[in-house]
Amino acid sequence: MCCHDKKLFVIIKVLQSQTPATYHHLDSSTGQLLTCHRCPPGHHMSAHCTATTQTVCTPCPSGHYTQYWNYLHKCLYCGTFCGEHQVVKEECSVLNDRVCECKGGYYWDADFCIRHSECPSGYGVKRRGKKQNGQIYHHFRLCAIALFCR
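Numbering (full-length UniProt numbering), first residue to last: 1 to 150.
If you're looking for bench data, these hints aren't it; they were derived computationally from the structure. None of the values given here were measured: they were computed from a predicted structure. A hint or two may mislead.
Across the chosen pairs, the derived CB separations fall in these ranges [to be verified]:
id	residue 1	residue 2	range
1	ALA47	CYS82	28 to 38 angstroms
2	LYS89	PRO40	50 to 60 angstroms
3	ALA110	ALA51	45 to 55 angstroms
4	THR53	LYS74	14 to 24 angstroms
5	TYR77	GLU118	14 to 24 angstroms
6	HIS73	LYS103	46 to 56 angstroms
7	SER117	CYS82	48 to 58 angstroms
8	THR35	TYR68	17 to 27 angstroms
9	LEU95	THR35	17 to 27 angstroms
10	GLN54	VAL87	17 to 27 angstroms
11	HIS37	PHE81	29 to 39 angstroms
12	GLN54	GLU91	23 to 33 angstroms
Idealized CB from N, CA, C, for every residue including glycine.
Throw the hints in and build the complete structure from the sequences for me.
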């Protein structure tokens with residue numbers, strides 16, 4: 001998904017989270033402004049409502065999704081693919097795009113999974129990198145001199 005599509009998608013998410021389960025549609029044949037029902041998550045609108053029928057909703061096909069109540073003409077493509085050093089946290093479904101996370105020993109920084117730093121010889125891990133929202137956000141492990149008892 002390119003940058004423009006991601007920004008548009010975020011705007012749609014914000015607006016849809018604040019909008020009711022209906023929308024207005026101007027019927028071109030009658031000139032009447034109609035209040036139509038939105039389609040539920042996992043579906044898209046295949047026909048607007050008319051003066052005598054409600055909105056026609058169709059389930060999303062495999063590999064596509066809608067996460068919110070909508071009146072989109074087609075479902076969104078599951079376009080997130082896990083990259084290098086990532087694993088699938090949640091697979092694509094009719095309700096959401098694929099979600100990826102860094103595999104163990106890596107953290108997320110500027111669109112990449114970066115390997116945690118290693119402690120030099122004679123040092124040990126004092127504090128591990130932390131996770132936030134499923135992503136490790138510290139790019140280092142704090143090392144301390146390893147003390148050995150005899």
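The hints, checked one at a time:
| no. | hint | result |
| --- | --- | --- |
| 1 | ALA47 - CYS82: 28 to 38 angstroms | 36 angstroms, holds |
| 2 | LYS89 - PRO40: 50 to 60 angstroms | 24 angstroms, violated |
| 3 | ALA110 - ALA51: 45 to 55 angstroms | 53 angstroms, holds |
| 4 | THR53 - LYS74: 14 to 24 angstroms | 20 angstroms, holds |
| 5 | TYR77 - GLU118: 14 to 24 angstroms | 39 angstroms, violated |
| 6 | HIS73 - LYS103: 46 to 56 angstroms | 37 angstroms, violated |
| 7 | SER117 - CYS82: 48 to 58 angstroms | 23 angstroms, violated |
| 8 | THR35 - TYR68: 17 to 27 angstroms | 18 angstroms, holds |
| 9 | LEU95 - THR35: 17 to 27 angstroms | 25 angstroms, holds |
| 10 | GLN54 - VAL87: 17 to 27 angstroms | 42 angstroms, violated |
| 11 | HIS37 - PHE81: 29 to 39 angstroms | 34 angstroms, holds |
| 12 | GLN54 - GLU91: 23 to 33 angstroms | 32 angstroms, holds |
This entry does not satisfy hints 2, 5, 6, 7 and 10, going by the numbered hints stated previously.
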